[in-house]
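For reference, the chains in residue letters:
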Amino acid sequence: MDMDVLLGIGRFVLATTLLLLLTIPTAFIIIQIELKVIALMQLRIGPNRVGPRGIFQSTIHGFKVLAKEDAVPDQADRATFTLAPWMVYMAAAMSMLVIPFAPGAIAADMNIGVIYFFAVLGLSVVGLLVAGWSSYNKYSLLGGLRSAAQMVSYEIPLTLSVVGVVILTGSLNFTEIINHQLAHGWNLWWQILGFPVFFIAATAEINRAPFDLVEADSEIVAGPFTEYSGMRFGFFFFAEYVALFIMSTIMVALFFGGWLAPWPFPAQLGGFAGTIYGLVWFFAKTYFFVFFAVWMRATLPRIRVDQLMGVAWKVLLPLALVNLFLTAVAVVAFNL
Amino acid sequence: MTAVDPETRIPDPIDLDRAEEERLRAAAGMGPAPASSGAGGEYAGFELVGVPDRPLQTEREVEMYTLEEGEMLVNMGPQHPSTHGVLRLVIKVRGEVVTDLDPVFGYLHRGIEKLCENATYTTVLTYVDPMDYLASMHNEHAPAIAFEKLYGIKAPPRAEYIRALVVELNRVFSHGLMIGFLALDMGGLTPILYSFINRDEVVELLASISGQRMLFNFFRVGGVNWDTNDEFLSRLGTWHANVRKTIGYNEKLITENEIFRGRTRGMGVLTPEQAIAYGVSGPNLRASGVPFDVRRAHPYSIYNELEFDVITQQSGDVYARYLQRIAEIKQSLHLIDQIMDKMPHGPVQAQVPGIIRPRPGRAYAAIESPRGLYSVYAISDGGQTPYRFRMRDPSFITLQVMPVLMPGHLIADTMAVMASLDPVMGGVDK
Amino acid sequence: MRLLIDRLGDTAGELRTDEDSVEIQVSRDHIVDTLKLLRDEEDFGFFFLADAAAVDYGVGRHLEVVYHLYSDRHPAWLRIRVPVERSDPRAPSITGLWAGAMFHEREMYDMMGIVFEGNRDLRRIFMSPDYRSFPLRKDFLLPDDAADSPAAGVNPLERPETWDLSAFTRELTRAGATYAPTATAMDVPPDEVPQADDVADKSRPR
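For the record, the sequence lines run as chains A, B and C.
When you number the first sequence by this note's numbering, it's gap-free, plus one each residue, and the end is 336.
When you number the second sequence by this note's numbering, it's gap-free, plus one each residue, and the end is 1430.
When you number the third sequence by this note's numbering, it's gap-free, plus one each residue, and the end is 2206.
Read the hints as simulated data drawn from the structure, not as lab findings.
Ideal Cβ positions, reconstructed from N, Cα and C, are used throughout, including at glycine.
Certain hints may be false.
Ranges of calculated distance between the beta carbons of each label pair, as one might list FRET restraints [said to hold, decoys possible]:
#1 A/Gly10 x B/Arg1094: 35 to 45 angstroms
#2 B/Ser1234 x A/Leu188: 50 to 60 angstroms
#3 A/Val126 x B/Glu1069: 25 to 35 angstroms
#4 B/Gln1057 x C/Ser2087: 42 to 52 angstroms
#5 C/Asp2088 x B/His1240: 53 to 63 angstroms
#6 A/Ile276 x B/Asn1075: 55 to 65 angstroms
#7 B/Arg1261 x A/Leu123: 46 to 56 angstroms
Straight-line C-alpha distance at most 20 angstroms; calculated SDA-like pairs for lysine to any residue [stated by the list, open to error]:
#8 A/Lys138 x B/Gly1070
#9 B/Lys1114 x C/Arg2120
#10 C/Lys2138 x C/Ser2071
#11 C/Lys2138 x B/Thr1385
#12 B/Lys1114 x C/Ser2071
#13 B/Lys1114 x C/Gly2118
#14 B/Lys1114 x C/Val2059
#15 C/Lys2138 x B/Gly1111
#16 C/Lys2138 x B/Thr1238
To give an idea of the interface, some chain A residues facing chain B are shown, with a C-beta separation under 7 angstroms as derived from the structure [to be verified]:
#17 Pro52
#18 Pro301
#19 Arg304
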């Protein structure tokens, strides 16, 4: 075998291992942020006992979830019941391959990065449907169907709003997109209509408030996850927060310059220091959006399912199409 | 009594359940229970889950539990994060649209009416506290008035003013909690905590005067138990200075929130004729446009001397009930101001013996609780305990209107409509 | 107000008044018409059914259904008492007049055993559907659950034959406690309330 191929495979295996290992602490950190930030917004203290200032609370949650009894309902379809959490988690993990963390620090710098990302993320719908069906529970069934309807509806405005960015850049490759932003400024200013559509659609796609009907715990108990306990539920739970992280990273990459620093700072440095510099800015921007999502969760009530569909099809989709049209016209007219 | 035989084995609960079921089935004339289905998942009869096994007894049950094509029974069971206590709602849905609804009560039934028949009159005032546990002062106020009518005395004026004060304080925090629960049932996690901040302050306030934070044992036949003290007055002052700000937090978050308005406007519309026919009273009735407030209609205590308006809303939907309660909180604050200005000096309890024996007779007393018209019908036979002690709880009657309001809405709206009617299961189940 | 009640004629009997309520007795054959009259007539206008309660006057005596009505034309509550025979505990249902009487009647059926004819949904509301006794009756001796429980017999408290009920049965049939009010609280003016006025602390009576 060729040395390059072996090195390539080795690098790929290392990268994917690092990414998979990254998901766990990321989920823990985001859950901890959510617990503490929501508590402070509700004028209470939040976890403050486990570890200094309570920072190990979510870690202990994670280990607790491992220790719980694994209860499978008597009449549930065991094979698919076990498969569903794996499907959801894998969809999230696979899509992490193309995230542009820093210059040169992408696991797989594919030429069709954007398409790959949205295609794989859509696989989580199947996981939720399977979870709802295999639980032999009416609540789960209703929840699974609702979530499938929601996620499928919102994928269309989501991907359409990204097409504007792709037209501007002329490439589906994430590194190219970020280099384009280095040259021309962040896509936020160029896609002033596309970004809000993307933001709303992304929030709905990952089932975050105010679109979190899937797990609307005051109506359908826990939706498709009602019958899951222990580590199976842990998979779903972590997958949700990993998906939040991933969506934030993509938002940052597509619209906010990825690893580029904002105006007063030098946008990009070279060499190894440049990688670290880019990583720091990337994570800072990503966690700002995570904070923003948590802020929305603390503040806003939930939208009802028919209003949700209405927003997707009657508001976001036309806006995304308009955005697409305007971008295309602008690119052709001004030879961007 | 015979001694327990040490050889007796306590039977296993699973066998007891099966034996019980067999016995009941035999008594009802039905066949034995079908064996539980084995592996492979029986999906045939899946949609019939929820229809009761026993024969259906009444017309309405038949109407409710007969499933047509495409309909399914969803049980929002007694344990549920959103039902206000242990309420079981059997909802017949077609897809996501509700076609019928049957509330099932009794999970919190404690037999308070029967208990009170064996309790002295003062003890009765302790027993009624946990009925509508969010408005304990109102629960005590009605029997206190009824017993005073039976005994033939009136509470001294200062006692009446203190009663009105604590009752209005109770109303403020009860309405505040309703607002929090309404938002919580729709997914807004924060307003409930702001409501609880307000409630905590009020409850500490009431604890400094009555000694209890929740089930205040404060009213006595002939007055109240203790007079106001320094701690109460200073806490009242602090609370009063801050309350509009705290209520304002919630208002700002909820009232103009587009998501909240979209989910509550036009939802669960109760027409005034329906409301009166179904016996709905209190803020729910006034939000439908009927200006019926017991404090004005049949004034009790000192409400004749206080100046307040009976506010109504026009639309009768969930949003109107929410606005009605916000307006009533402000009215209550206005009332509290007047009470504090006008409070006379004097004793706080009339001279009554420890065990009261009223003359035989009947008395009816009705008050305005945060949920509606709360009334007590007491019959005395001359002894230490009431002969019949009947309480009419407004939440019980208000829940009749659920099967009328719900059909046509989605399951998600069930929670919103229920939260807006503000039932408290302690009162419903007595 | 009393003058208006006279219009009800001979179907109403035993009028009593109090500081804030007027009480009449109506027999169960006339109750539906009487309530309809009270609700629909302009002069009466008793649009709101405030309460519907049931009273058990003791073993060997009758039951009673009591309705309380409110009108904004009259300042007093109107109390209507309908005697019901114990041996034949049926009463007509008023759910045709006020749909909100449904739960009241279900509760009266559940707790007292009064069957309301014409009620579409007369089933138990608090107790479980297979309960056989009526809890609020004065002769309610034994809860079903304890007697029928398959584990009854292990714990002596669950074995009814070990109970000493003599005191209880004596209480139920005590001859001295007849409920026949001669003078009621409604006819006698309230006594003066004595106050101690030579004590410094006036927070409660001494």
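### Task
Take a quick look at whether lysine 1114 of chain B and valine 2059 of chain C sit within 20 angstroms of each other, Cα to Cα.
16 angstroms, holds
### Query
So the hint says 55 to 65 angstroms: do the beta-carbon atoms of isoleucine 276 of chain A and asparagine 1075 of chain B match that?
Holds - the Cβ-Cβ distance for isoleucine 276 of chain A and asparagine 1075 of chain B, about 56 angstroms, lies within 55 to 65 angstroms.
### Message
What's the verdict on lysine 2138 of chain C and threonine 1385 of chain B, does the C-alpha distance respect the 20 angstroms limit or exceed it?
### Response
14 angstroms, holds
### Message
Tell me if the beta carbons of valine 126 of chain A and glutamate 1069 of chain B are separated by a distance inside 25 to 35 angstroms.
### Response
Holds, since valine 126 of chain A and glutamate 1069 of chain B (Cβ atoms, about 29 angstroms apart) stay within the stated range.
### Message
Does proline 52 of chain A hold up as a contact with chain B if the rule is Cβ-Cβ below 7 angstroms?
### Response
Interface hint status for proline 52 of chain A: violated (25 angstroms vs cutoff 7 angstroms).
### Message
Need the status of pair lysine 2138 of chain C, threonine 1238 of chain B: alpha-carbon distance at most 20 angstroms?
### Response
51 angstroms, violated
### Message
Tell me if the beta carbons of arginine 1261 of chain B and leucine 123 of chain A are separated by a distance inside 46 to 56 angstroms.
### Response
36 angstroms, violated
### Message
Tell me if the beta carbons of serine 1234 of chain B and leucine 188 of chain A are separated by a distance inside 50 to 60 angstroms.
### Response
Since serine 1234 of chain B and leucine 188 of chain A have Cβ atoms about 53 angstroms apart, the given range 50 to 60 angstroms holds.
### Query
Given the proposed pairing of lysine 138 of chain A with glycine 1070 of chain B, does the C-alpha separation stay at or below 20 angstroms?
14 angstroms, holds
### Message
Please verify whether lysine 2138 of chain C and serine 2071 of chain C have alpha carbons no more than 20 angstroms apart.
### Response
Since the Cα atoms of lysine 2138 of chain C and serine 2071 of chain C sit roughly 33 angstroms apart, the hinted pair is violated (cutoff 20 angstroms).
### Task
Have a go at the proline 301 of chain A hint: is there a Cβ in chain B nearer than 7 angstroms to its own Cβ?
Hint holds; proline 301 of chain A Cβ to chain B Cβ min 4 angstroms, cut 7 angstroms.
### Task
For glutamine 1057 of chain B and serine 2087 of chain C, compare the CB-CB distance with the range 42 to 52 angstroms and indicate the outcome.
Once the Cβ atoms are compared, 23 angstroms apart, the range 42 to 52 angstroms for serine 2087 of chain C and glutamine 1057 of chain B is violated.
The structure shown violates the earlier hints numbered 1, 4, 7, 9, 10, 12, 13, 16 and 17.
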